Amino acid sequence: MSETPPFQIYESGDTRSLRLESDRLDACLQFAREQGIDRLDLSSFHGFGETDVEFLRDHRHIRAISVLLVGALDLSGLRHLERLEELHIDGIARMPDFGELPHLRRLMVTCKGKLRLSEANGALRDLCLSSYSPKSKDLSELPTLPELEALSLNGGSVLSLEGIERFAGLKDVQLSRLPRLTSIVPVTRLTGLKELRFRDCKRIGNHATIVAAKALTWLGYINCGSMPSISFLNDMPALTHFSFAGTLVEDGNLEPLFRLKWAGFHNKPHYSHRYEDVIGRINPETHAYLLQLQASIRRGSRNERFAYRLFWFLEDCGFEFRGLTAPPGVEGRCFLGHDHVVRVTDDFVKDRRTLLFHPLGAEPTRLESDPEHPIELSELLARYAAKITEQDRAENEAHFAWAKPRDRSEELLLEQAKTLRLVLPHFLAGT
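Mapping to the working numbering: the sequence shown position 127 is 109, numbers consecutive.
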């Protein structure tokens, strides 16, 4: 008789979440109560296949729930969770009425249809919306949320930021993949805003108007087309961090960066200074780390230019470097974005190099074993074959022309990187 497998517990920092499995649902919930676990993961990847969540009626102690790719799941039973403070929803056909969850403090949701938020959600402090597409094409349909401190919009049909000024307590705003957004003026009215990042918003203009946001300490224009100059930084005395990776500075004058504590950008021939020179002066510790990273890559088997070209591409797609805890003899890089993870590792002991792409779910910053449900890049390539042009393929080959694999293992890694670069934009766009 085989042993009952252990319950699936996901640990991140000081928190523990239990992954519910439909074939032993009652046992999972009893275990959660006995162990004092108040966070649940409901994912089709990990064995959850219920059609509703009415079973939560008897488990009102739950404070956090993550729901991933469970299709037609009816979430109206969430109303039983009087203490629910955190909710993450992705891949659900119908949105619940969030107004029935008045104690929510953090909400992350990929929108399908109308977003049912109301004034009853006044306790919200952190709101992350993917694919938000209101009829107004701005933020005026969002209810007044007096406690809101962080707002993130990722994709969707928003054309204007009008209405954002109603959230006077905002300290952190992140706006990504809004291709038709042109004006940033409304966000400059947030007098308490500390951090602001635009990513893949290529049509925004008049970047210098951001000087009106006097409290800003962190600013990012990442993959946002071009801007005439960064001289406006001289009029932002509170600013300490500025990233413009993938965004062109037309006049090439990078002198304003030297008053900051950190800067991020890609080198260009007409720029007055190289990244290594800037970071070496304003942040010697980061510069020392980069030198160590470069030396580490040179000691390993990967081609240095190939590695950096892949990492820059991931950054341009909205994936952020998170580091990776690895055992001796293994080096790794971990990138998080769009609720997914890209993990690149070198195992010098086994002489194995891997690139893995998988949904966010397994602990992304610890390298212990492969994720349970990696996304097969070959399947994505077949899915999007009709959308990938010959020009796309030729440009992709040119992008990695620097790479000179030294063995079969490295050749396989390069092929994975090439495939990822071809399919990832289509995957993220949901085409």
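Think of the hints as simulated: they come from the structure by calculation, not from any bench. Some hints here could point you the wrong way.
In silico lysine-lysine, DSS-like type, Cα no more than 25 Å apart, as pairs [to be verified]:
| # | residue 1 | residue 2 |
| --- | --- | --- |
| 1 | Lys176 | Lys94 |
| 2 | Lys243 | Lys196 |
| 3 | Lys117 | Lys94 |
| 4 | Lys117 | Lys96 |
| 5 | Lys119 | Lys184 |
Keep in mind that this is a model prediction, so the values were computed, not measured.
Each hint tested on the structure:
1. Lys176 <-> Lys94: violated, 30 Å
2. Lys243 <-> Lys196: Distance of about 17 Å is within 25 Å: holds.
3. Lys117 <-> Lys94: holds, 13 Å
4. Lys117 <-> Lys96: Holds, at about 9 Å.
5. Lys119 <-> Lys184: holds, 18 Å
Consistency with the previously given hints fails for number 1 only.
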